[in-house]
Each structure stands twice: as structure tokens, then as C-alpha cells.
Amino acid sequence: MGLPFWLAVSPLIAAVVVLALPRRAWRAYRAVALAGDAVALALAVAAWIQFGAAANPIHTALHWFTLPGMWLGGNLSIDLTFTLDGLSLPLVTLAALLGLLAAVMVPRGQPRCKEYFFWQSLLVAAVNAVFAAGDAFTFFAAVELALFASFFLLYLFGGARRREAAFKFLIYRGLSSVFLLAALAGILYAAAGAFAPGGVQPAMPGGPTFDIARLAAQMPHLAASVCPPSVRWWLFVAIVIAVFIEEALVPLHSWLPLANEQADTPTNMLLGGVLTKTGAYILLRFGAGMLPDQVHGFGLFLAVMGVINLLYGAFAAWAQKDWRRLIAYGSISHMGLVLLGIAAFNAAGLQGAMFMMVSSGILTALLFAVTGALAERTGTFAIPRLGGLAKAMPNLSGFLLFAALGSLGLPLTSGFISEIQTFIGGFTAYPAASFVALLGVILSAVYLLYAIQRTTFGPLVQAADGWADARPREWVAIVVLTGLVLLIGVWPQLIGHPFGFTVRTLLGIGG
Amino acid sequence: MQILWTPEMIAFFLISLAILACAVMLLSFQKVIYMALAIGGVFIGCAALYILLGAEFVGISQVLIYAGAITILLMFAIMLTNHEAVEPEARWTVRRVFSALGCLALAAVLWFVIRSVQWPQGDAATDINQGHPNAVAIGLMLFKTYTIPFELVSLLLIVALVGAVILARPPKEGE
Amino acid sequence: MAAHAWLVPLLPLVAYVFLLVLGRRAPEWLVAGVSTALTFISFLLSLGVFRDAGQPATYTFPWLHVGSYTLEAGIQVTRLNALMLVVVSAVSTLVLLFSKGYMHGDERFAVFYQYLNLFVFSMLALVIAPNLLQLYIFWEMVGLCSYLLVGFWFFKPEAALAAKKSFIVTRIGDAGLFAGIIMLFLASGSFDVTTVLQAAANHQLHLGWISNDGLLVLTAILVFVGAVGKSAQFPLHVWLPDAMEGPTPVSALIHAATMVAAGVYLVARMYPLFAASQAALTTVAWIGGFTALLAALIALTQRDIKRVIAYSTISQLGYMMLGLGVGAYAAGVFHLFTHAFFKALLFLAAGSLIHALGTQDLFEMGGLRRKMPVTFWTFLAGALSLSGIFPFAGFWSKDDILAGALRHGHPALYAIGLVTAFCTAYYIFRAFFLAFAGPARDAEKHARAHEGGWVMTVPLVILGILATIAGFFNSPLNGYGLGKFLTPDLSLYQTGLGGYMAPERADVTVMLISVLVGLAGIALAAALYARPAAVDRIASEGKAEDIGPLYRLSYRKFYFDEIYYAVVVAPGKFIAAVVDGFDRYVVDGLVHLVRRIVYLAGLCLKYTQTGQVQAYGTVAAVALVVIIAIAMIRAGGVF
Amino acid sequence: MGGAGAIQVPATSLLALAAILFCIGLYGALTRRNLIIVLVSIELMLNAANINLVTFSRLGASPGLHGQVFALFTITVAAAEIAVGLALLLAAFRTRRSTHVEDMDQHKW
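Residue numbers (our numbering), protein chains in the order written: chain A, 1 to 511; chain B, 1001 to 1175; chain C, 2001 to 2639; chain D, 3001 to 3109.
Bear in mind the hints are in silico, worked out from the structure with no lab data behind them. Be aware that a few hints might be false.
Facing chain C, a subset of chain B residues (Cβ under 10 Å, in silico) [claimed, not checked]: (1) L1052; (2) R1091; (3) R1095; (4) S1099; (5) C1103; (6) L1110; (7) V1113; (8) S1116; (9) R1169.
Taking lysine-lysine and the DSS-like style, the derived pairs with C-alpha atoms no more than 25 Å apart in a straight line are [claimed, not checked]: (10) D:K3108 - C:K2371; (11) C:K2445 - C:K2371; (12) C:K2156 - C:K2606; (13) C:K2543 - C:K2445; (14) A:K391 - A:K321; (15) A:K321 - C:K2445; (16) C:K2156 - A:K391; (17) C:K2445 - C:K2156; (18) A:K321 - C:K2484.
Restraint-style ranges between C-beta atoms, simulated for each label pair [as the list claims (entries may be wrong)]: (19) C:W2454 - A:A468: 40 to 46 Å; (20) C:A2279 - A:A46: 21 to 27 Å; (21) C:S2211 - A:W233: 32 to 38 Å.
Glycine included, C-beta positions come from ideal geometry on N, C-alpha and C.
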């Protein structure tokens, strides 16, 4: 069992160990959770080295059981497969990193500490597995695990309306799982030739498979006599619906602002940072990777929806009075650009969308970390009740400004490099939509700077007794994320290298 | 259909008439205790039918278990509970109408099914008892082919016995 | 020397990092000393680069691969770039020195210098960017520095609002530039400026969804939109006056001499693109001319000294655009060059006044001639230069533009320019007389007034000298040397750009007219504000009594802020509120409706759970019968 | 004995009898109030099934003793059922003083 396997499993082991620890071993819970997350991160870094310049996908498979060959020309092997390729490597690293930082950010006096670290480690294991999964079965299992781990984090440890938020979250994402399952199973059948108009036609050499790499190699090239376009059409519709919910895209987004508003800071970092990126990942993996013709066919729809999301998110963010809701809508706005990039379906657009996923993940987590730290001192996330914080906490305010600037796409931050690639792609394929999307670029400055001006500038509105500037654990999280934003902004080739391979694979240019 | 009025046929008609009459009485009596008596009639009628069909062992078992044990058990149960109980006047509630219609429809459906099938006539050549007396043949089959189900059924009876005792036992003080 | 041009922006970056490491509590002398010294070395290096500037020299390395294309980063030295390097580093050095005195005692002194150094780095890097992407990156970076410095006194609500406004308004322009750059990239296959301009000049830009000529005009206009935002041209001029909430050295460096001039620089840098599309060039000229006049009219009545100079900056930037737009390329760049010096001078002099008096209101000044002689004389030099009086720097460059407008057949723009020139002379001398002439209107402040230390006066004097003599770089006296110097930049591109070059000979009549108009403006200002008899009238104006509707129109800046609020901001907020309401009540309302329907269904269906086993049995039996019956009917042959 | 030779009674009549008996039993089980009668009605349905089993053992497509054996099993199971059923009835009667089906409704909404 290789590296990707342990990458997903080490936080899981940590979760189990936390459960096995005696009561009231407060320090031990955190230590174990941190250790599990740190091992995962270390493995992710090791994977980068192994991935190297040659871009070898790292692959491990663990056979579980076999469905005997009753149909579709062979046995169906149910495996736990983990593969790190160009697309999953940066995302899994981001997930592992945010998992570690979320554990760091858990406040000292966290109530019900044991349960907390158990669910959190479970969530980290699940999101790691989501991005490391090498077959559709493992992927779906990981998505479900992530769903219920985050549900419990939300349900047990959220704000006053946490139950409502948790159930809304659960029902929405449960619904998306239904469509996802339908799509994944459908792809399995379609690739194996079960939907051939003239009866079953075994199409996969070696029998049906869940393996993503094999499906992606096979699925786009199946003849219409094996997999009719109407089947592809329905599969893609199911994927799109699943993606819209997972990624919180208008009009299926309303779980995200509420969940973000009610969840605590570490959970928000994971929720906003990685969990909402699952949707775009699905669209890239199963949409663009297996049904490229449909992405083309739906291109205009996706582009228009992207622009709508971009503007809708930005306008809604402008009207928000709570930082967490604002960040949530901002992330919706970012995801609109991701959609535009994928819709463009060219090198720049796809790579831009991937960059945007990573960048938005980091920046959202950073914004949550900073606003969470501020709220811990001021006691509120409400923008109208804040003001002049730069005087009392210059460092945190500076980081807040930085995060906002990154989020609005200032050059030399990761946000910019994502934006420009997306727009290069967008202007090639959908110039009109891209022109409208420019309005979003302006609006992002409006809502973020408006909130910044109200929060950190101006006269101080509250008494600032005993407010310490950032504490060590906050420093760690904030500085690491800030550094990453700058690193990607200044040296984009870092993640552009692995992404580039996947982009070329998706577009079928070279190896 | 041409009906041949053989003695067997006449016996069958008489028996079925008795069974159905008892069954209808069962449902139309008001007092519970009479109903128990009517069911005894049904059981005995069925036993006669089995014997007519050449299943002597089953017929005898039916008399022993149903007409004997079960009917008496029912009597006891009635006596131990509310033995004065009368079934109240039947009111034609919606549910009752639906039940009646459903049962009638079921009978109709079953009738149509039964009628539409070409049933095989009894095959004169085969002897289902393989030359043995019926009881011997059944015994052989039970202990050869159906050994394990047979044992399982005995287990079931034990469990039912113990269970019935525990359930029916009055609770001790303080339990 | 060109190969070492990368050192020029690097030194301020070194200073920035050094100050960052030193922290907030570093001693003032060290902070200011290191910054000034390193920037001064940069200035010397730029002089070297300028001396050796010849054919464009480019040095790059790969930055990011996008598909099959590689983005590069690096530097490029052209003649225009070299000139800009000199201007920016020169003004920066002086402003950094001046700030030592002006910001003395501020608790975030070190932070101020950090920001300034970051700005100088970004501005220098912007100037020598070899490709449009890098140019855009630093274009945004200078915008960021401007935001930080305008909001430097963030605890003042006006400063916080002004910072936000400046960033957002310029961002509108930046979005245009962003689109323009991307379309140029897609059309030419490269971000590289030289490649793009060659393609544009040869009419080889091509995109699938637009005609080639349309593309030229569209991209040129989009690039110009960026310039409009940065250079505060109509209709995006509203941010610059508000940006005066920042410390005055910032206004001098960023909002007068360098950053706002970046828009003009951009148009000059991309000149072959504009030249290839006449419509775009005409747009540039008219926007410039209109802005020049509009801003001058607003400046006539302002009472805040920094706002007068700020509107003057907008107006002069309009002049530069006008010059570039009518085809007087060299004149436009030349005006940028001279303007950097005399406008920085005016701002620093104003800063000196503000520092001495603690007020920006002209009507609280007066009679400072004796108290602050250095400021008085240097301000005078700057004002004369701005008014275009022979032989000050502004005369040569402004005259060059006006002559260019006539020469290239734009008499209407020439007339606008003349009117603007008259207004310019009037408002700057109005400010001058209000500040220095007459009696002191605020005795207490007047008593406290004093000249700043050498760190403040030396930059003033140096800039004063430059504002006086800088015009000779491109005068008939040296055969329009600057124009000749810049010409090879454009000759690379094979279009009829020769006509945009320097004139062959001077037009004395035009010069005479300009000077006379300028003098007339000064005379009017003197008549209204310098005569002893005007004291009462000034007092009543100072109390804002009996001002006519035209005066009010000018004083309220033609109500642009109010109009924009009503037309852009308020609808934006309204849409935001509508979207938010839509989200809360319609989207979420639908979700809740679905929830309620399901809940209601449950509420109704629960009554079927009577607990009566026979009822369940009935339903099951009936359903079973129905199912069997259906199965029978489908099978057929039963009934 | 009667194991061999043709039987003159047509299968149709026997099956029809069983069907009618089953329907009567079902009707009783669905409508009678007294739990004992409900149990009795269920026995009626079991008997109807038994008639079928025995009939098919003689008149089915492949005659054999299997039907009779199954009838025996059914009788045994029915005996067990009635025993447990009546025990439950007694227990229920002790707590509720009633043997009416309508009163057993603690699973109402």
C-alpha cells in the first residue's frame, strides 16, 4: 500500500486514536489530530517529489471484493484506489494543508474536545480521499464520508442556528449525492456498453470498471452505437446538477451562506477551502474528462451560468452584513469564474479554473482564519459593529487586507494568476460573457473594500481592552496561507506544472 | 362443464357445503363462543376433504391438531378473557365496505385465474404413495427428504411452547 | 548600461524589504536615510541607462506555461522607458527626502516609508516592463500603493472613503485595460509589447469574432480606458481630488508626478496601436481636451489648496492626452516630463504650507511671503511654469501641444486648450495670491508658520530649478532634442508615424498667443485677489457668501460625485439589496416552500397511521388485489 | 388406499372452494373486532392454503407427497402460531382488559 493510501488514511487513524484516548486528555486529542494531519501533509509533499518533472501519476489500489461477471462482459472489481495525478496533487495538498491548519486553529478551550477532533480528523481524511481517489467508487464513498463528518461538525459545534444549517447542508448535499451516484453508475454502465441501442455490447476490454483513468481513456472515444449521445446527455445533466449543489452555484447555493454563518472557524476553513471545491473537481474529472463533447455542447449554458454566479455572488456579497456570509458569497462568485474557465474548454480556461480552485480555497480559508481571529477578540462578525480595527490590531488587519486583495485578484497573488488565465480562456471562447464577467472583477473590489473600510479603517468603535494581536497558533495558519498566496502569485509554475499535464490530457494534446 | 355425478363428487359437494356453511356462520354469529364452535365445523370438514383426496394422514392430523387441540385452546382463551363478549352490530363503515369489495374482487380474480388454466386431470398411472400406505409413505419422506425442516419445525414448536408459557404467565409482584 | 537597468527598480525593493525587517519602531533618520540613498543610487543608474538608451533592449526569463504558450517576465529598455526611469527616480528621491520633514513624528513613519519604497519599486518596474502582463501587474501594484497611502491616515473616515473610492474607480479602468491586454494577447499571440505593436502597426491583429479594424479600435479604446482610470480623465476623474486625503508627499509623488502619469505613459508606450486606429486617437484627443477644460473650470473656485492643484493635475493630464491624441507624440511626453517637476514642486510647496499652518484652506492663509520665502519663490516658479509663461518649463511643453493641435488640424481642440490655459493661469495665481499676498487671515496660524528644515527646502529648490529650466530639453533652442531622442522608438513600426514627431521649426505666433493668454489669466487673478481693495470681497468669498449659480456649479465640481452616486453607486447598492432579498426570500423561500410542502404532506398523511392493524390490512389487501388484477390483465387471456 | 387411480372431483372446484374459504377468512380477519376471531379467521386462510396443497399433491402437474408434507408443516406452524398468539392475547387482555382490535392502537401517529 503506497503513499496516496496513507495520505488519506493517516487522519482516519488519528480519528480512531482520538476516539480510543481516555476522557479529558485534552492535549493528547490535539496532538494526535495534528500528527495525523501532519503525516498526510508530509506524504503530500513527498508525492510532489515523486511526481517530479516527469509527471508520473502515483497509483495504489487495494482490492476489496469482486462482483462476479454476470453482465457487461467481465467481473467488476470493487477496489479502494488512490491515484495522484496532475489535477489531484495540488488539490490534495491543499486539503491536507488546510486540514492541518484547521486543527491548529481550534481554540484552546474547545468544548467537547474529543468529539471535535474526531469529526475533524474524519473530515480531513474524507476530503483527502476525495481528491486522492482513483476510482469512482472510492470517490463516492469519500464524498459521502465528508458529507456526514462535516454534518456533525456543523450540527454539534455551530452557532445558534446550527441545527437548521446542518440539516440544510445535509439535505442539499445528500441530494447532490443522489445525482452524483446516478451519474457515476451511469458512466460505469455506459462505458461498459450497457446502453448500446442494440442491446448490451461489452465495450470495455477487461470488463466494466470504476477506475477513473481507464474510464477517462475509454469513455470519450466510444462510438455512438455503443454509447448513444442521448445517454451522454443525461449523464452530463446529472453531473451538472450534482456539481451545482456541491459547488454551491446559483440557484442551488443557499446552503453555503447559512452553513458558513453557523459553522466555527476551523470548520469554515475546511468547508469553504476544500469541500466546496469538490463540485468543480467533479466537473473536471467526470465532466470534462469523460464527457468532453457535452462540456462543449453545454459550453454556452455553463458560461452564462458562470457569469450569473459571478455577478450574483458579488452583488449578494455587497449587501451582506456578516463577514462569513460575505466570504461565502465571494466564494460563489469565484466559482462562477471557475465555471467560465471550464466552459471555455481550452488550455488557458481549464488551467485558470484549476488555479482558481486552489487559489479560492486558500484565500477563502485565509479570510475565514483572519475574520475568525478578529471575531474572537471583538465578539462579532457583524460588519456594522466593527470599525477601526487597524488601530488596535494592525497585524491582523493587514492580513485581512491582504486576503481581500488576493481575493479581488491583485497581481502577484494567486487570485490574479487564476483570473487572467480564466479570462484568456473566456475571451477566446465566449467573448461576450467574458466582457460581462469583467463587471465581476470590479464588483469584487467594491464589496471587499467596502467591508475592509468598514472593519479596519475609520475610528475604533469598540473599547479595545485586552485585545492581543495575532496569537502563535493564528500566526502559523495565517502566515502559511499568506505565504502560499504570494508563492503561487509570484511562482505560478509551481502548480502550473502538474495542472498543465492534466490540461493537456483533457484536451488530448500530447502526453 | 359437464359434471359427472359420481359418489365422490356428491361427497365433495356435501363437504364443501358444510365447510362454507360453517365459515359463513363463523362470521355471522354474534357470540364469540359460538364462533369457536363454527370453526370446529370448518376444521372437520377440511379433514373430510383431505381424506376424500386420499391424504389420510393429513386428514387425521387435521382432526387431532385443529379440531382437537386448537379449538379447545380457543375455548380456553375465550373463557379466560371476556367470555361474555359479543361481536357488536356490524356497521357498514368505509373500511368494511372496502374490505368486502377487496375480498370479493380477490375471489373474482382468483376465480378467473382458476378457470382460465387447463388443470391436469389426476393421473391414473402414478401412485403417489409408491405402493406404501399413505402414513408410511409420508413418514419415509419426512425422515428422508425433509429431515432438517422436520427438526426445525420441532425446534419451532419447543420455542413456541416456552414462549407461550412465558408470555401467558402472570407477572410476579414487583416486576 | 541597459543590461543593468533591472537594478533600478531593485534598489527601492531592497529598501522596502530592509524597512520591513527593521519593523515599525525603526529610527526615523535610518528609515529615511536608507530609502533616500538607495533611490538616489537608482536615479544615478537611470541617468546611465538614459545616456545609453538606443534600440529597445529586452531581457526576459520564463514565468508560467499556459497550454503551449509561455509567459515571460523581464525588463525592456526603450528610449521612452529610460526617460520615465529618470523622471520617476528623480522625483521619488526628492519626495523621499521631503517626507522626512513632513512626516516627522508620525507614529507610523516607518510604515509610510515602506509603502513609498514599494511604490517606487512598482512604478519603476512598471516603466520597464517588457510585456503587457508585467505592465499590468505593476500597474495594479502602484494602484495598491496608492490605496494604502491615500488611506494612510485610515482612522480619518474621509481618508478611508477616499482610499476605497480611488481603488474602485481606477479598478473600473483597470478592468478595461485587463480586457484590452487579453484581447491583444489573443489577437497577436503574445504579451510582448514589441510583438503586439508590430502586429498592430501592420494591421495583423486578428480575432474570430470581430473585424480587424474593429479589433484595433476596440483594443485601443480598452487600453485607453485603463489610462483614463489611472490618469483620472473624464469620466473617471472623480477619485483624484478625494485622494488628496493622503499625506501631501504622496500627492506630489503618486498623484501628480508619477502614477497618474502612467496613463499617459501607457498611451505613449502603445502609440503605434493608437496610431493604427484613427478613431481611437481622436477619442483620446477629445477626452483629453474635455477633461482639461472641465478640471480647469472646477479648479477656479476650490478653496482647498491641494484640491486646486489636484484639479490642475487632472487638467494637465488632459493636456497630455490631448497632445498624444492630436498626434503630437513628443509634445505629450514632453509635457509629462515637465509636469512631473513643476507639479511635484507645487504639491511639495503646498505641503510646506500645510505643514507650517496645519490647514489646507486657502482662506485661512495669506501674507506668508515674508514668513516662508523659499516656499514663496519656489511656488512662484511652479505657478509660472504651470501657467505657461516664457521661459519656464511649462511654457515649452504646453505650447508644443497647442501648436501640435493646430498643426495636425484640430482648431477646436486648440481653442479648448487656450481657454484651459487662461483658466489655469487664473486659478493657480488665485491660490498663489490667497496664500502669499495680502494680510494674514488667521493670525494665530500665521504666527506659528515657519519654513521647514533643509530636508524640505532642498527638494523645493531643486524642483524649482528643474521647473524653470526643464523646458529647454525640447525647445527650438536645441532643435527639439527630446523629440528627436524619442523618435527612433516609433520608427521601429512601419507606419506613417513620422508626422507624429517633433516639428521642424517653432511657430512664434502660437507661442505669443499662449503667453498672452497666460498673462491675462494672471492679471485677472491679481486684480481679484492681490489688490488691497479686494480684502473684503475675499473675506465674503471665504465665508461662502453670495456665490452665483455658476460659481456654485464649479465649486461643487459640476455635481459629478452626486451624479455618480445617483447613477452608479445607488443603483449598485439597490441591485445588491435586491439580489440579497431575492436570495433570502425567493431562493431560500423556494427552499422553505419545498420544505413546507413536504412537512404538510407528512402532516396530512399521518392521519392514515391510525394504529388499526385491520385498516393497514385492508389497504394492503386491496392494493394487492389491484396489483394482481393489473398483472393479470397485462398477461392477458384470463378475463 | 386412495393413493392411486383417477379422482373424479375436478381441480377447478377444489381450488374454487379454497379461494372462497380464503376470501371469507380474509374478510373476517379484516373486519372482526375480537382478536380471537381474527386469529380464527387467519386459521381459516391457512386451511384454505392447505386445501390447495393437498389438491396439488394429487391433481397437480407432478403429483407427489410433497404437498401433503407441506400441509403437515403448515398445520404444525399454525399450532405454534395459535399457541403464541393466544398467549399474547392473554397478556394483552391482562393489561388492557379488552380483546378488541380497535383498542390495540398505541402505534397511532
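Okay, the hints, checked on the actual structure:
1. Below 10 Å, beta-carbon pairs count as interface contacts, and B:L1052 has none with chain C, the closest being about 29 Å; its hint is therefore violated.
2. Of the supplied interface hints, the one on B:R1091 is violated, with its beta-carbon coming no nearer than about 14 Å to a beta-carbon of chain C, more than 10 Å.
3. Interface hint status for B:R1095: upheld, as the beta-carbon distance to the closest one in chain C is roughly 6 Å, under 10 Å.
4. At its closest, the beta carbon of B:S1099 sits 5 Å from a beta carbon of chain C; the interface hint therefore holds under the 10 Å criterion.
5. Residue-level restraint check for B:C1103 holds (minimum Cβ-Cβ distance to chain C is 7 Å; threshold 10 Å).
6. For the restraint placing B:L1110 at the interface with chain C, the shortest Cβ-Cβ distance is roughly 9 Å, inside the 10 Å limit, so the hint holds.
7. At about 6 Å, the closest approach between the beta carbon of B:V1113 and any beta carbon in chain C falls short of 10 Å, and the interface hint on this residue holds.
8. Among the interface hints, the one on B:S1116 holds; its C-beta lies about 5 Å from the nearest C-beta in chain C, closer than the 10 Å criterion.
9. A hinted interface residue such as B:R1169 counts as satisfied when its beta carbon comes closer than 10 Å to some beta carbon of chain C; here the least separation is about 25 Å, so the hint is violated.
10. Our distance criterion of 25 Å between C-alpha atoms is broken by D:K3108 and C:K2371, whose separation comes to about 99 Å.
11. In summary, the hint linking C:K2445 to C:K2371 is supported, as the alpha carbons are separated by about 12 Å, within the 25 Å threshold.
12. As the CA atoms of C:K2156 and C:K2606 are separated by approximately 63 Å, the hinted pair breaks the 25 Å bound.
13. Between C:K2543 and C:K2445 the CA atoms are separated by roughly 18 Å; this keeps the pair inside 25 Å, and the hint holds.
14. Between A:K391 and A:K321, the direct Cα distance comes to roughly 22 Å. Compliance with the 25 Å bound is thereby established for this hinted pair.
15. With a CA separation close to 44 Å, the supplied pair A:K321 and C:K2445 exceeds the 25 Å bound.
16. Distance check on the hinted pair: C:K2156 and A:K391 sit about 11 Å apart at the alpha-carbon level, within 25 Å; holds.
17. As the CA atoms of C:K2445 and C:K2156 are separated by approximately 22 Å, the hinted pair is consistent with the 25 Å bound.
18. Distance restraint check for A:K321 and C:K2484: the Cα-Cα separation of roughly 58 Å exceeds the 25 Å cut-off, and the hinted pair is therefore not satisfied.
19. In this structure, C:W2454 and A:A468 meet the distance hint of 40 to 46 Å, their C-beta atoms being roughly 42 Å apart.
20. Restraint check, C:A2279 to A:A46: a C-beta distance of roughly 59 Å breaks the suggested window 21 to 27 Å.
21. As the Cβ distance of C:S2211 to A:W233 is approximately 36 Å, the hint placing it in 32 to 38 Å holds.
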